[in-house]
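Make a model of the complete structure from these sequences and hints.
Protein chains in written order, with numbering that gives the first Met the number 0: chain D, 0 to 339; chain S, 0 to 339.
Just so you know, these hints were derived from the structure itself, not from any lab. The hints are all genuine.
One copy or two, either will do: identical chains are not told apart, so a pair holds if it fits within one copy or between any two.
No farther apart than 30 Å at their CA atoms in a straight line, the calculated lysine-lysine pairs in the DSS-like style are these:
no.	residue 1	residue 2
1	Lys255	Lys288
2	Lys204	Lys182
3	Lys204	Lys288
4	Lys182	Lys288
5	Lys182	Lys255
6	Lys255	Lys204
7	Lys17	Lys255
Protein chains: 2
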Amino acid sequence: MNVAAERLQAWISRVFLKTGMADEHAQTIAGALVWANLRGIDTHGVVRVPRYVEWVRSGELNTRPAMRARSDSSACVLLDADRAAGPVAMSHAASLAVEKARGAGIGMCLVRMTTHTAALGYYTQRIAHLGMAAIAFAASGPNMAYHGARAAGVSTAPLALAVPGEDGPIALDMASGVVSLGKLAQARRSGEALPPDVALDAQGKPTTDARVARLPLPLGGAKGAGLALLIECMTSLIVGNPLLAEVLEGTPAGRKHSQNGAVIAVDIERFIELPRFRGEATRLARALKALPPQPGMEILLPGERGHRVAAQRRVDGIPLPAPVEEELRALARAMGVEDI
Amino acid sequence: MNVAAERLQAWISRVFLKTGMADEHAQTIAGALVWANLRGIDTHGVVRVPRYVEWVRSGELNTRPAMRARSDSSACVLLDADRAAGPVAMSHAASLAVEKARGAGIGMCLVRMTTHTAALGYYTQRIAHLGMAAIAFAASGPNMAYHGARAAGVSTAPLALAVPGEDGPIALDMASGVVSLGKLAQARRSGEALPPDVALDAQGKPTTDARVARLPLPLGGAKGAGLALLIECMTSLIVGNPLLAEVLEGTPAGRKHSQNGAVIAVDIERFIELPRFRGEATRLARALKALPPQPGMEILLPGERGHRVAAQRRVDGIPLPAPVEEELRALARAMGVEDI
Numbered sequence: 000m001n002v003a004a005e006r007l008q009a010w011i012s013r014v015f016l017k018t019g020m021a022d023e024h025a026q027t028i029a030g031a032l033v034w035a036n037l038r039g040i041d042t043h044g045v046v047r048v049p050r051y052v053e054w055v056r057s058g059e060l061n062t063r064p065a066m067r068a069r070s071d072s073s074a075c076v077l078l079d080a081d082r083a084a085g086p087v088a089m090s091h092a093a094s095l096a097v098e099k100a101r102g103a104g105i106g107m108c109l110v111r112m113t114t115h116t117a118a119l120g121y122y123t124q125r126i127a128h129l130g131m132a133a134i135a136f137a138a139s140g141p142n143m144a145y146h147g148a149r150a151a152g153v154s155t156a157p158l159a160l161a162v163p164g165e166d167g168p169i170a171l172d173m174a175s176g177v178v179s180l181g182k183l184a185q186a187r188r189s190g191e192a193l194p195p196d197v198a199l200d201a202q203g204k205p206t207t208d209a210r211v212a213r214l215p216l217p218l219g220g221a222k223g224a225g226l227a228l229l230i231e232c233m234t235s236l237i238v239g240n241p242l243l244a245e246v247l248e249g250t251p252a253g254r255k256h257s258q259n260g261a262v263i264a265v266d267i268e269r270f271i272e273l274p275r276f277r278g279e280a281t282r283l284a285r286a287l288k289a290l291p292p293q294p295g296m297e298i299l300l301p302g303e304r305g306h307r308v309a310a311q312r313r314v315d316g317i318p319l320p321a322p323v324e325e326e327l328r329a330l331a332r333a334m335g336v337e338d339i
Numbered sequence: 000m001n002v003a004a005e006r007l008q009a010w011i012s013r014v015f016l017k018t019g020m021a022d023e024h025a026q027t028i029a030g031a032l033v034w035a036n037l038r039g040i041d042t043h044g045v046v047r048v049p050r051y052v053e054w055v056r057s058g059e060l061n062t063r064p065a066m067r068a069r070s071d072s073s074a075c076v077l078l079d080a081d082r083a084a085g086p087v088a089m090s091h092a093a094s095l096a097v098e099k100a101r102g103a104g105i106g107m108c109l110v111r112m113t114t115h116t117a118a119l120g121y122y123t124q125r126i127a128h129l130g131m132a133a134i135a136f137a138a139s140g141p142n143m144a145y146h147g148a149r150a151a152g153v154s155t156a157p158l159a160l161a162v163p164g165e166d167g168p169i170a171l172d173m174a175s176g177v178v179s180l181g182k183l184a185q186a187r188r189s190g191e192a193l194p195p196d197v198a199l200d201a202q203g204k205p206t207t208d209a210r211v212a213r214l215p216l217p218l219g220g221a222k223g224a225g226l227a228l229l230i231e232c233m234t235s236l237i238v239g240n241p242l243l244a245e246v247l248e249g250t251p252a253g254r255k256h257s258q259n260g261a262v263i264a265v266d267i268e269r270f271i272e273l274p275r276f277r278g279e280a281t282r283l284a285r286a287l288k289a290l291p292p293q294p295g296m297e298i299l300l301p302g303e304r305g306h307r308v309a310a311q312r313r314v315d316g317i318p319l320p321a322p323v324e325e326e327l328r329a330l331a332r333a334m335g336v337e338d339i
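The following block contains the structure:
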């Protein structure tokens with residue numbers, strides 16, 4: 000089934016509304032998930048809805064969070080999210096970072112105790128659309144091998160960067176693993192072989208057999224593992240909600256889903272007029288695209304493929320694979336939401 | 000030859016002093032280079048001295064820079080470095096970022112028009128030693144293939160992150176390439192084969208033959224290329240000193256060596272007491288080190304190997320390979336500096 004983004008978003012909003020959350024929050028979550036689908040990041044789209052609803056039921060996602068933003072400095076905010084859904088907390092954090100950046104040139108909001116942040120690039124691209132540069136991190140529990148270890152030690156913690164461009168933001172959203180858990184699951188279903196040095200099996204041995212692959216390996220070995228570890232330090236440890244150690248030590252807190260995040264905004268206009276910045280970004284893009292390509296490859300900017308897919312899917316609608324569609328219909332039915 | 004760090008630093012300082020720079024600047028450059036040697040990052044150590052001196056002669060490195068720090072906000076500074084040596088500009092930038100962070104919670108200093116920044120981790124680790132978290136970038140001219148291209152499009156732009164730890168900073172300093180230019184050169188000398196997907200030859204074809212390898216490939220393909228591109232955007236384009244486009248377009252400015260950088264400091268104590276942060280960092284380190292290791296591997300924290308090498312080299316001295324030693328002695332002699 001192909002479905003128009005607006006229709007999908009309205010439907011998913013109604014599902015979240017049924018969990019008892021405010022309409023604004025339901026809209027925010029549905030908006031972040033459908034944005035990912037629009038851009039072709041289907042692993043971070045509406046496929047996540049059933050899990051989000053599970054977290055509501057288990058109490059790990061708070062539908063009526065008492066979020067508290069605390070700031071005792073001109074450029075920093077700590078947002079205690081009280082288990083608010085990731086998109087609710089991170090969208091608010093992005094706004095707070097931008098507000099601080101307007102006053103101080105740079106603004107940072109650290110987010111404590113939220114849930115799955117959805118596609119991190121959603122927040123950095125929003126900031127770039129406002130004419131600012133953005134950096135964001137997200138930390139979660141261990142799901143990736145630490146370099147040199149046979150077991151999960153860190154998460155595939157993403158780093159996102161974005162700046163304004165001529166035709167949409169120049170925007171990178173990269174996980175610290177060689178391959179995502181979503182892609183491992185996809186390979187498991189399709190039965191295709193994995194490249195070497197991508198994943199470990201349950202015993203911690205490198206494998207190319209997708210059926211037994213369990214843990215992604217960190218990008219560049221020590222680099223990706225180090226990046227993931229530093230992201231935990233710069234978010235979870237600073238906000239006093241450690242995620243990795245709790246799970247690795249097997250504490251009760253470690254059995255609950257939780258994430259922390261950080262959003263930094265930089266007011267480019269403090270340094271250079273925005274049209275000049277955009278002009279230079281366009282000039283750089285043109286120079287890169289003029290390079291001789293590898294056979295059969297196209298030279299793309301970070302985020303460009305997503306902009307294109309979004310343009311296409313705004314016309315064609317978002318394709319929902321049958322199993323996802325069925326799961327969502329069943330969930331909606333069970334929650335008393337009319338069919339899409 | 001093995002030489003004590005202090006003696007090497009004093010000698011290298013005298014070489015830089017002869018170029019006409021202030022004693023303080025000569026000390027700063029020598030200090031940054033010898034720090035890299037101490038930690039085993041020999042590619043960013045005193046091996047760079049002859050090149051730095053060449054840049055003085057060509058006018059690309061200004062020995063008497065009129066650095067100007069401009070700030071019209073509580074958290075940001077633009078440091079126009081006037082072609083000051085990288086370590087001079089970046090050390091000053093780190094101090095300015097820390098000063099702003101003390102007042103505003105987070106502080107950023109963008110650096111315009113400096114030269115080779117030396118080991119970027121030097122600045123972030125200094126900030127971590129002051130009890131703050133740090134992020135730094137550096138941008139330089141194209142020396143790495145852009146993803147999908149058969150030619151250099153971006154630089155192996157490094158990203159460095161550091162936080163205070165119990166036994167020295169937890170500190171990552173990663174280039175955005177699969178392999179450094181230094182390692183390519185080393186493989187060329189030793190004749191060893193390269194792994195696949197590491198480098199391109201002069202025609203832009205992938206090669207495992209170190210003798211013809213010219214360009215490193217970006218880490219993780221689109222990820223490393225995107226990171227390098229975003230670092231150029233977030234430094235060079237914001238400070239109005241574009242590096243990549245000038246070279247790619249073959250302009251006169253593109254023929255001059257130049258770098259730009261950024262240093263961000265975050266005052267951890269605004270969010271959490273430092274002893275508690277350090278305690279959590281230690282706890283996390285312990286949990287990671289307790290993971291089952293891969294056969295023959297040791298589980299290390301980012302920066303840990305460097306801390307160890309430094310402890311050893313403080314006792315044994317810094318090993319200088321004969322060709323490096325000879326080149327430095329000849330340079331010192333030619334500049335009228337007494338032998339080490």
